[in-house]
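If you want the building blocks of each chain, they are given just below.
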Amino acid sequence: MITKKDVEHIGWLARIELTEEEKEKFTKQLNSILDYFEKLDEIETDAAPMHHVFGLTNVFRDDVAKKSMSQEDALQNAPKKEKGCFKGPRIV
Amino acid sequence: MKPQSYELHMLLSETPGDEMKDVIIGLEVHVQLNKLRSKLFCSCSTQYHDSEPNMCTCPVCLGLPGALPVINEKAVDSAIKVALALNCNIEEQIMFYRKNYYYPDLVKGFQISQYDYPIAMDGKISIEADGEREIRIKRVHMEEDPGRLIHVGTIDRSRYSLIDYNRSGVALLEVVTEPDLRTPKEARLFLNKLRNILEYLDVFDGSLEGSLRVDANISLAGGARAEIKNISSYKGVEKALLFETVRQKNLVRRGIRVAQETRHYDEVRGITISLRTKEEEKDYRYFPEPDLVPLRIGDRVDDIKRALPELPDAKRQRLVKQYDISDHHAKVLTSELKLANFFERVATKVDANLSATWIADVLKGELNYRGIGIDAFSPEHMIQILQMLKNDKITEKGAVQVIRTILDEGGAPPEIVKRKGLLKIEESIITRAVAEVIKENPAAVKDYHDGKNEALHFLMGQVMKKTHGRADPSMVSKLLKEKL
Ligand SMILES: [Zn+2]
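For the protein sequence lines, the chains are A and B, in the order given. Here the first sequence is numbered in my numbering, starting from 1 and rising by one per residue. Here the second sequence is numbered in my numbering, starting from 1 and rising by one per residue.
With the rest of the complex left out, here is chain A:
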């Protein structure tokens, strides 16, 4: 059961500000999603845990350095930049 407090915490983790109406709405929606997922509990299963859908293992790359993007390309989508860096808010 997800409470309004959980929703506030999840919002904080994602750094999203929620209005009171949104908190009510998402609490209801998230609970209905979880209810739906509970249907999975009805299936009886004794299969071993699956780690990956492909069944592949050991996909490796050699340790070789290749050319990177230019600084200009790297910063192309940045809303704010300064001294060759992305500029962001302080978050502690």
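If you are wondering where the hints come from, they were derived from the structure by calculation, not from laboratory data. Careful, some of the hints might be misleading.
As the list claims (entries may be wrong) - DSSO-like mimics (lysine-lysine), calculated; alpha carbons at most 30 Å apart, straight line:
(1) B:Lys229 x A:Lys80
(2) A:Lys80 x B:Lys99
(3) B:Lys108 x A:Lys66
(4) A:Lys5 x B:Lys229
(5) B:Lys282 x A:Lys39
(6) B:Lys465 x B:Lys439
(7) B:Lys229 x A:Lys81
(8) B:Lys465 x B:Lys397
(9) B:Lys465 x B:Lys420
(10) B:Lys99 x A:Lys39
(11) B:Lys108 x A:Lys5
(12) B:Lys108 x A:Lys87
(13) B:Lys193 x B:Lys321
(14) B:Lys249 x B:Lys229
(15) B:Lys99 x A:Lys87
Chain A is fixed; fit chain B with the ligand onto it per the hints.
Coordinates of chain B with the ligand only, in the frame set by chain A:
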């Protein structure tokens, strides 16, 4: 030296010099596998230290949509090497997980790390504190380095941050200890030993800026523990822990409960600050990274184990045995792989004990004093100096002067000895040469006694020849006149 901050001064001034028996410390050490050429999940170069910000990035390490990680095979092998050297059990199969948190240094909103099925668990290494102490290693896992935040001002005062993603995606190894450390000094000794081992394995260069970062958990017996995040220097770890020990003890003495919290170490002010974070482990919502397949590494371990180089403890024992040098000297010499190699190179040419003394006690001291490494000195020069010393050509004082001159001005030993007039003129050598010359030249001696002054010049010349021009002429003249 930096002056103490006011906060630090006040804190230390009210502290009695009590023992720290009841302090419990555990470390999470993040080391960059910076001997790799490329990052952990993409082919960007790890050699970003001299480049401009954001010049070593690609869609993968910038977290652009659709980019897919592919793991660096050598990074996995390097991690296995480290795990073996730390006496860990290597897992048969390992997996990567997404650790979700939202912070500007993290491009994707999650860090690819390990959770269940890490690369290794349950190891141990020994450190030499007051006697030998075994420190247990809880686990070793691989993860990607976040970018670098440049706070404008101090962390609790800056308004915004600049972000450089050159570091983003560099392979990190996290080594987690059990809470077995008892003093800030032991924490430092542990880090030195770990660095030593990593450098012997040739997977780590600890001299590079930002190559090591430490989170330290510290509590007093029975109290809540504080986690000090992101200490980024060897000295910082000991200082931060010392500060925190004192802070917690003062709280207890005043009857205030120590809060369980995350704190930040402010390197400039030498204090720790509460970070008021609300994140707990469950908030990271770890789940398996669907873009990476599991790795079965069990069958690689034996080959890697066979190829492991000699590690510090083993080398120390061998040096004592093979060269018959003191354990103390062997300890100093093996504290750095390059120093140990330097010693062995010299010890094959000159007396091993003389080499050990001069390298471990004298040369190392001169290097430390100047804050430089052994690379600044050539083993051939050391061999020349010790041979001159052994053959009585220079005094110990002269040898020290040659070493200092090489470090401060450059040059080679024979030339420095000549230029600085350091050749040892021992009276006994000249006396011996004088006696020989008198014996070998009876005619000249007779001429001298007959009052021929040229005869004295001739005899002097013969003595100079025998001493290869190293004797002081006035001393030769004086000794000759006495003996004639
Ligand atoms: Zn990249």
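*Hint by hint, work out which the structure violates, then give me just those numbers in ascending order.*
Nothing - there is no hint that the structure violates, so all of them hold.
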